[in-house]
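Novice: Just so you know, the protein sequences line up as chains A and B, in that order.
Quick note, the numbering used here runs 183 ahead of the 1-based positions in the first sequence.
Quick note, the numbering used here runs 3 ahead of the 1-based positions in the second sequence.
Just so you know, these hints were derived from the structure itself, not from any lab.
Just so it is clear, CB atoms sit at the ideal spot from N, CA and C, and this is done for glycine as well.
Worth double-checking, as some hints may not be accurate.
Said to hold, decoys possible - To spell it out: a stretch of chain B is covered by chain A in this simulated footprint if at least three of its residues, at any positions, have a beta carbon under 8 Å from a beta carbon of chain A; those stretches are:
#1 53-66
#2 141-147
Stated by the list, open to error - Straight-line distance between alpha carbons at most 20 Å, and here's what the computed SDA-like set of lysine to any residue pairs gives:
#3 A:K302 to B:A164
#4 B:K57 to A:M381
#5 B:K36 to B:I115
#6 B:K36 to B:K57
#7 A:K301 to A:M381
#8 B:K57 to A:G384
#9 A:K302 to B:A141
#10 A:K302 to A:M381
#11 B:K57 to B:N13
#12 A:K302 to A:S350
#13 B:K57 to B:F12
#14 A:K302 to B:E154
#15 A:K302 to B:N13
#16 A:K301 to B:A141
#17 A:K301 to B:F12
#18 B:K36 to A:V363
#19 B:K36 to B:S167
#20 B:K57 to A:V403
#21 B:K36 to A:N360
#22 B:K57 to B:S137
#23 B:K36 to A:L364
#24 A:K302 to A:A215
#25 A:K302 to B:V143
#26 A:K302 to B:S137
#27 B:K36 to B:E154
#28 B:K57 to A:N360
#29 A:K302 to B:S149
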Amino acid sequence: MEFLASLLPASLVTHAPAIIVVTPLMMAAVAAIMPNGRLGWAVTLISTIVSALLALAIIVDVQTGGVVSYAMGGWAPPAGIEFRIDGLNAVLLMVIGALGLLSVIYALPSVADEIEEKKQSLFYSAFLVCFAGLIGVAITGDAFNMFVFLEISSISTYVLVGMGASSDRRALTAAYNYLVLGTIGATFFVIGVGFLYMATGTLNMADMATRLPDLSDSRVVQAAFAFIIVGLGLKAAMFPLHLWLPNAYAYAPNFVTSFLASTATKVAFYTLVRFLFDVFWPEAPFVEVSFLWVFAILGIIGMIVASVQAVFQDDARRLLAFSSVGQVGYMMLGLGMGTAAGLSAGMLHLINHSMMKGALFMALGAFAIRFGIRRISDLNGFARSMPFTSVAFTIGGLSLVGVPMTVGFWSKWYLGVAALENGWWWAVAALILSSLIALAYVARMLAAIWVAEPHHDKAGAIAHARAPWLMLGPLWVLAIANVWFFFQPDFLISMANAAAEAAFSGGAR
Amino acid sequence: MIEIIAERFNFVIVIILMMTGLYAVVATGNLVKRLVGLSLFQTSVFLLYITMGKVFGGQPPILPEYSEGHGENDAYAGEAAAAVTDHAAEAADIAESAASHGETVHHAAEAIYSNPLPHVLILTAIVVGVATLSVGLALVVRIRESYGTIEDEAINHADYAVDSARRNT
C-alpha cells in the first residue's frame, strides 16, 4: 500500500484532499457528454481509480503524521473551509475508495443490462456526483460544507434510485419518498448547524468544539444537538427513521444498491460520530443521556425488529435492505456504549458490513443479470447453474450472520466484549438473538439456492449460465476479503481503534 | 407575553412557516402538494438563517466608499463592540484595510454591518433547495406517466394490485 502511495508525485499528495473531491465532480461533466455508456464507464473508472489512489495517499499520510488539514483555496481555517482528515474519517475514505472502485468495475455489465443505452453516460455522471459528495462529506471539517456535500450526494442518489424505473416502476415512488424524507433530514441538520452558528459564531467544526463546552447549559446548543441527531439519524437510517431505505434499496438498479448499501449510510453514521464525539463532547450531560436512551436502546430495537421484518420478505433485495437497517442498529449500539472499545467495535462493523453487504448485493445483481430475478423463490437451485456466484453469496451471507471463519464474527465478538465491559449483559443477549434471526433469513435464501429444486420451466435455460468476469471479479474480491480478514484482522482492528482514538481525542481537547 | 413574541417576531414567523410546511408534507396525499410543503419547510430555514445575520442598526455589508450616509454610523460606534459578531468584525477589518488604501474617510472602520455570512450560506442552500425541488418534480412527472395519477393512495393501490396479481400466477 505504502509503495503505491509513494508512486504519486509530491505536489499531487499535498493537494490530495482537494483533488480527491474535484476529480469526480469534474469528470461527471465529462462523463455526461460521452456518446455511449462504455466511454462513460471508462471515464468513471479512471476518476474512481484516481480518487482511490489519492485516498490511499491521504490514509498513509494520516497513519504517519496524525491529522491532515487542508485549507481550501489557501484561506486559513476557521474563516476558510477546512478539509480535515484524522483517524476517524480515514476509515471512511478507505471504505468509499475501495468499495467505489469495486462497484464501478462491477457496473459495466450490470448497467448495460438495466439502463437504456442513451441514458447510460448520464447515469455514470450522476454516480460520479454522488461519489464526490460522499467523499466530500467524509473529509470536510466545516459544518455547513458538510450539509452541502450531503445534499450533493443525496440529490444524485435520488436520481440513481429512480433509474431503476425501467425494470420496476416502484423505483419512482421509492425515489420520491427518499427525496422527501432525505430533504427533511438534511433540513433538520441545517437547522441544527444554524443554531450552533448562532451560539458559537463559527462553522468550522474544530473551532466549534473549542467554544461549545462553555455553552453546555445553553438551550440553543441543546436544541441544535437534537436537530442534528434527528437529521443525521434520518440519513443513516437509524431505526425509527429508516422508512425510506427498504424500498430505495429494493428497486434501485443493482449496481446502485451495492454501492449505496456499502457506503451511503456508513458516511451518515460517520457524521453522527463526528458530531457526538468531536463537535459535542461525550461528557456533556445531554450527550451522555442520548448514548444509552437514544442510540443503544433504539439500536437494539432496530436490530431485532428490522431483522424480524427481514425474515418475512419475499423479495431478496428487500430482505437484505431490512437486514441493513438491522446492521445499522449494531453500529448504533457500539456508538451508544460511549466507550472507546464500543465505538471501535462500531467502526469495525462499519467496515465489515460494507464488505459483506457489498458482496451480497453484487451476487444478487449477478443472479439478476441472467434471469432478472428478485424473489427468493426464484433463486431455487441456482447453485447448480451459477456455482461461483452462489459460493460468494454464501460467504457474504455467513459473514452477515457472524459465523467464525468470516469477518462478521469479529464485529460481533468485539461488540459483545465492549458491551460486557460496560456490564450490558442485555446488549449481549440482544446481539445473540439478533444473530439468530439473521441466521433465519440468511438460511432462507441459502436453502433456496443450495437445496431447493430448480424450477422446471427454467431448467434448460440455466444449464450454462455464468456472470460476466467484470461482475465476478469484484464480487470475489469482496468474498475473499470477508474470509481473509478473519485470519488477518489486525489491519482492520488497528484502523477501527485509530478511528475511536481520534474521535475521543478530538473530544478531549 | 406580547413583548416576548414581539422581541422574537422573526422566530414566530419561522416556526409558523416551518410547521405549515411540515404539516403539508405529512397530511396531503398529493405528490405535488407535498413538494410545495417541503419547499415551504426549507424556506422557513432560509429565513431563520437570514434573520440571525441581522445586526440592529447595521448597514448592508458593502464597502463604505460605495454607500451613502456612512457618517451616521458614529452614533452607533459604542454599541458596535457588543452587537457585532466575529464575522461582522472581520468584515469591518477588511473594510478598514480597503479604506486605508483609498483616500476615503477612515472612520468607516467603525461602521456596523449586518453579518453577511448567513446570506452567502443561504445562497448555497437555495441552490440545493431548487435542485431538490426540480428532481422531485421530475420524479412526479415520471410517476404520472407510468401510474396515471399523482395521488399517494391510488399509487399504493396500483402497486398492491400488481403485487397480488404476481403472487397469484
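Novice: Compare the structure with each hint and give your call.
Specialist: Hint by hint, here is what the structure shows:
1. 53-66: With 1 residues close enough to chain A, the hint is violated.
2. 141-147: n = 4 at 8 Å, threshold three: holds.
3. A:K302 to B:A164: 30 Å, violated
4. B:K57 to A:M381: Judged against 20 Å, a Cα distance of about 11 Å means the pair holds.
5. B:K36 to B:I115: 42 Å, violated
6. B:K36 to B:K57: Not satisfied, since the Cα-Cα distance of roughly 32 Å exceeds 20 Å.
7. A:K301 to A:M381: 48 Å, violated
8. B:K57 to A:G384: 13 Å, holds
9. A:K302 to B:A141: 15 Å, holds
10. A:K302 to A:M381: Judged against 20 Å, a Cα distance of about 44 Å means the pair is violated.
11. B:K57 to B:N13: Holds, because 11 Å separates the two Cα atoms, which is no more than 20 Å.
12. A:K302 to A:S350: 14 Å, holds
13. B:K57 to B:F12: 13 Å, holds
14. A:K302 to B:E154: 28 Å, violated
15. A:K302 to B:N13: Outside the cut-off at roughly 46 Å; violated.
16. A:K301 to B:A141: Holds, because 18 Å separates the two Cα atoms, which is no more than 20 Å.
17. A:K301 to B:F12: 53 Å, violated
18. B:K36 to A:V363: This hinted pair holds, its Cα atoms lying about 12 Å apart.
19. B:K36 to B:S167: Violated: B:K36 and B:S167 sit about 29 Å apart, past 20 Å.
20. B:K57 to A:V403: Status holds; Cα separation ~18 Å.
21. B:K36 to A:N360: 14 Å, holds
22. B:K57 to B:S137: 30 Å, violated
23. B:K36 to A:L364: Given pair B:K36, A:L364 holds - Cα atoms ~15 Å apart, limit 20 Å.
24. A:K302 to A:A215: Holds: A:K302 and A:A215 sit about 9 Å apart, inside 20 Å.
25. A:K302 to B:V143: Measuring from Cα to Cα gives roughly 19 Å; hence the hint holds.
26. A:K302 to B:S137: 19 Å, holds
27. B:K36 to B:E154: 10 Å, holds
28. B:K57 to A:N360: 36 Å, violated
29. A:K302 to B:S149: Holds. A:K302 to B:S149 sits at ~18 Å (cutoff 20 Å).
Hint compliance for this structure: hints 1, 3, 5, 6, 7, 10, 14, 15, 17, 19, 22 and 28 are not met, and every other hint is.
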